[in-house]
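Trainee: Residues per chain are reported as follows:
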Amino acid sequence: MIKVEHLSFTYASKKAIYSDLNFTTVDGRLNCIIGKNGVGKSTIFDMLAGLVKPQSGTISPLLASSEIIYQMQGVPMLMTATGQNVLDIFRDLNPGAQRTDDFLTTIYQENVVNLLDEKFRDMSGGERRLLIIYAMCTLKRSLYLFDEPTSGLDPVSARKILNLLSDLATCSQVIFTSHNLFELKNMPCHVIFIANRRCIFQGNYEDLMQRYAEDDPVQAFVDALKQDQSVS
Amino acid sequence: MKKIRALMKFDLEMLLDNRLAFVYAVIFPLLFFAMSNWKNVMAQQTYDTEKLIILLTPYLSYVVMSNTLNNVVLMVYGRREDGFLKMYYFIVERRSYLLLAPEILYYFISLIECLGFTLLAMIAFHNLSPILLLQVLLIITVIYFPTCGILSLLVLLPIKPPSMTALSGGVLLLAVLTYSYTTSFLPLRVLTMFNPTILTSDLISSMLTQSVAGWGWVLGVGLVDCAIGYLCMTHLPIISKSQRV
Numbered sequence: 001m002i003k004v005e006h007l008s009f010t011y012a013s014k015k016a017i018y019s020d021l022n023f024t025t026v027d028g029r030l031n032c033i034i035g036k037n038g039v040g041k042s043t044i045f046d047m048l049a050g051l052v053k054p055q056s057g058t059i060s061p062l063l064a065s066s067e068i069i070y071q072m073q074g075v076p077m078l079m080t081a082t083g084q085n086v087l088d089i090f091r092d093l094n095p096g097a098q099r100t101d102d103f104l105t106t107i108y109q110e111n112v113v114n115l116l117d118e119k120f121r122d123m124s125g126g127e128r129r130l131l132i133i134y135a136m137c138t139l140k141r142s143l144y145l146f147d148e149p150t151s152g153l154d155p156v157s158a159r160k161i162l163n164l165l166s167d168l169a170t171c172s173q174v175i176f177t178s179h180n181l182f183e184l185k186n187m188p189c190h191v192i193f194i195a196n197r198r199c200i201f202q203g204n205y206e207d208l209m210q211r212y213a214e215d216d217p218v219q220a221f222v223d224a225l226k227q228d229q230s231v232s
Numbered sequence: 001m002k003k004i005r006a007l008m009k010f011d012l013e014m015l016l017d018n019r020l021a022f023v024y025a026v027i028f029p030l031l032f033f034a035m036s037n038w039k040n041v042m043a044q045q046t047y048d049t050e051k052l053i054i055l056l057t058p059y060l061s062y063v064v065m066s067n068t069l070n071n072v073v074l075m076v077y078g079r080r081e082d083g084f085l086k087m088y089y090f091i092v093e094r095r096s097y098l099l100l101a102p103e104i105l106y107y108f109i110s111l112i113e114c115l116g117f118t119l120l121a122m123i124a125f126h127n128l129s130p131i132l133l134l135q136v137l138l139i140i141t142v143i144y145f146p147t148c149g150i151l152s153l154l155v156l157l158p159i160k161p162p163s164m165t166a167l168s169g170g171v172l173l174l175a176v177l178t179y180s181y182t183t184s185f186l187p188l189r190v191l192t193m194f195n196p197t198i199l200t201s202d203l204i205s206s207m208l209t210q211s212v213a214g215w216g217w218v219l220g221v222g223l224v225d226c227a228i229g230y231l232c233m234t235h236l237p238i239i240s241k242s243q244r245v
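Just so you know, the sequences run in chain order A and B. Per the UniProt record's numbering, residue 1 is the first one in the first sequence, and the count goes up by one each step. Per the UniProt record's numbering, residue 1 is the first one in the second sequence, and the count goes up by one each step.
Treat the hints as calculated values from the structure; they're not laboratory data. This one's a predicted model, so the numbers in the text were calculated from it and none came from an experiment. A couple of the hints might just be wrong.
[Claimed, not checked] Think about it this way: if two alpha-carbon atoms lie no more than 27 angstroms apart in a straight line, the pair counts; the simulated BS3-like pairs of lysine-lysine are:
id: 1; chain 1: B; residue 1: K51; chain 2: B; residue 2: K39
id: 2; chain 1: A; residue 1: K53; chain 2: B; residue 2: K241
id: 3; chain 1: A; residue 1: K41; chain 2: B; residue 2: K241
id: 4; chain 1: A; residue 1: K226; chain 2: A; residue 2: K41
id: 5; chain 1: A; residue 1: K15; chain 2: B; residue 2: K241
id: 6; chain 1: B; residue 1: K160; chain 2: A; residue 2: K53
id: 7; chain 1: A; residue 1: K15; chain 2: B; residue 2: K160
id: 8; chain 1: A; residue 1: K140; chain 2: B; residue 2: K160
id: 9; chain 1: B; residue 1: K3; chain 2: A; residue 2: K119
id: 10; chain 1: B; residue 1: K9; chain 2: A; residue 2: K140
id: 11; chain 1: B; residue 1: K160; chain 2: A; residue 2: K36
All chains should be modelled from the sequences, with the hints used to inform the complete structure.
Mentor: Set out below in C-alpha cells:
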C-alpha cells in the first residue's frame, strides 16, 4: 500500500500540477490512475519512483529504484530482434531473480511462445506491447508502474495486457495510468481519478459508476470532470 | 559488469541495424584527408612515422570527438528526452551504466575506425609501420575517456534538442579549428588542454619529444577530465530537463 498525502507539485514554469493530492493504493488488486491528458499522471509516476520530489506532502513508502519497474508507452527496441532476443535482452539487463509465477507461465504459453521467432518489426502494436510488458513482469520487483500500457491498442490486446497486470497485482503492487474508464469494467481494480490538481474519487469501478449514476463509462468520465469543475 | 555488457550489446545491435552510422565519424575526415593530401599521394611520396602521426593528429582527434559527441553524448541525451532513460534506469538499477556502456562500446569503435584510417594513410604514404599502429592505439586509449569525460558535461544541460544539436555542432567545430592553438602562458595552456583536440595534439607532441613534463600535464588534465566524466555519470539526469521544467 502506498499512501500519498497532501502532495503539491508545481513545475518551474509555474504550472501547478497538484495541490493537496491525497490517495492510497490497495494491495492485491490493480491500481489505475485515471484522468484526462495533461493532468499529471506521468508526473505522479515520476514522484512515486523517486525521480521528482514534490514541493510538499509525503509519499510513503518511497521505494528504492531496485524495487521498481517503470514502463513507458513506447519502447526503443531493435526492430530486427526476435521475440526470444527481446526476452534475452531483458534477462541480460537484469540477471537477478526472475519471476516464475504460474500466470506468467500461462501467458508465455498462450501468447508469447508464438512470438519467439517473429521479428519485432513484424509484430503488431499489441503483440509488441504484450511482449515487452511480459518481459518486464518477469523481473522481480515490489512496485510496477505502467504508463498507459493499453494506449492505442484494440480491446482484445488491451484486455490481455490488463489481465496480465491483474495477475501480477496479486503478488506485487501494480499501478497503471489510463484515459479509458471503459477498460476497467469487470476488472478487479482500484480507481484513482485525478482532476483539477487533486484526487476527486478513489474506489472500485462500480462505486464510480454508481456515484455518477451512469452505465456509460465515457459519460461517467465526462460527468466526473463536469461535477468537479462546478464544485471547484 | 554483466549489465554493462548487455547494454553494450544492445547498443551495438542498434548500430548494426543502421550500418551507415558506423562510417559517419570516419567518412568526412577520410574525404578531407584525401582532398588535402591528394597531390602528395599522387607524387608517390613516402612519409616517415613521425610525419605521418603529425599529419593524422587532427583526423584522429575528430573521429574520437565525433563518436563521443554524436554516438555517446547526443544518444544518451536523446534517450533522456524521449523518456526512455528512466525505463532502462529501473531495469539496470544504476544510472552510470547508461552512459558508461555506450562510452566503452564507442571506445572500441573509435579504435577500429582510427586504426583503419591510419592503415589507409600508411598505404597512401608507403610506410607500413607497426609502431605507428601501436602509437595510434596508445593515443586513442589515452585521449578517448578524457574526451568522453569533458563532453559529458553537455548531458547535464537543461536545454531543448535543437539547442543541443546546435551546441554540439559548435563544440565540435571550435575544437577542431583550435587544435593547433598553443601559448607559452602556462595557466592558459593548461586550460586549453581541456579541449580534447589540443589534448591529443599535446599528447602526440609529448610522445615525439619524449617529454616527461608534457606526459605529466596530459595525464593530469586527462585524469581531471575523467573525474568530471565520473561525476556526470553518477549525476546523470534520468528525466527530461528541458520539458515542462
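Trainee: All hints, please: hold or fail.
Mentor: Hint check:
1. B:K51 / B:K39: 16 angstroms, holds
2. A:K53 / B:K241: 14 angstroms, holds
3. A:K41 / B:K241: 18 angstroms, holds
4. A:K226 / A:K41: Distance of about 19 angstroms is within 27 angstroms: holds.
5. A:K15 / B:K241: 15 angstroms, holds
6. B:K160 / A:K53: 22 angstroms, holds
7. A:K15 / B:K160: Holds, at about 18 angstroms.
8. A:K140 / B:K160: Between A:K140 and B:K160 the Cα gap is close to 35 angstroms, so the pair fails against 27 angstroms, i.e. violated.
9. B:K3 / A:K119: At roughly 23 angstroms apart (the allowed maximum being 27 angstroms), A:K119 and B:K3 satisfy the hint.
10. B:K9 / A:K140: 23 angstroms, holds
11. B:K160 / A:K36: Holds: B:K160 and A:K36 sit about 26 angstroms apart, inside 27 angstroms.
Violated hints amount to a single one, hint 8; each of the other numbered hints is respected by the structure.
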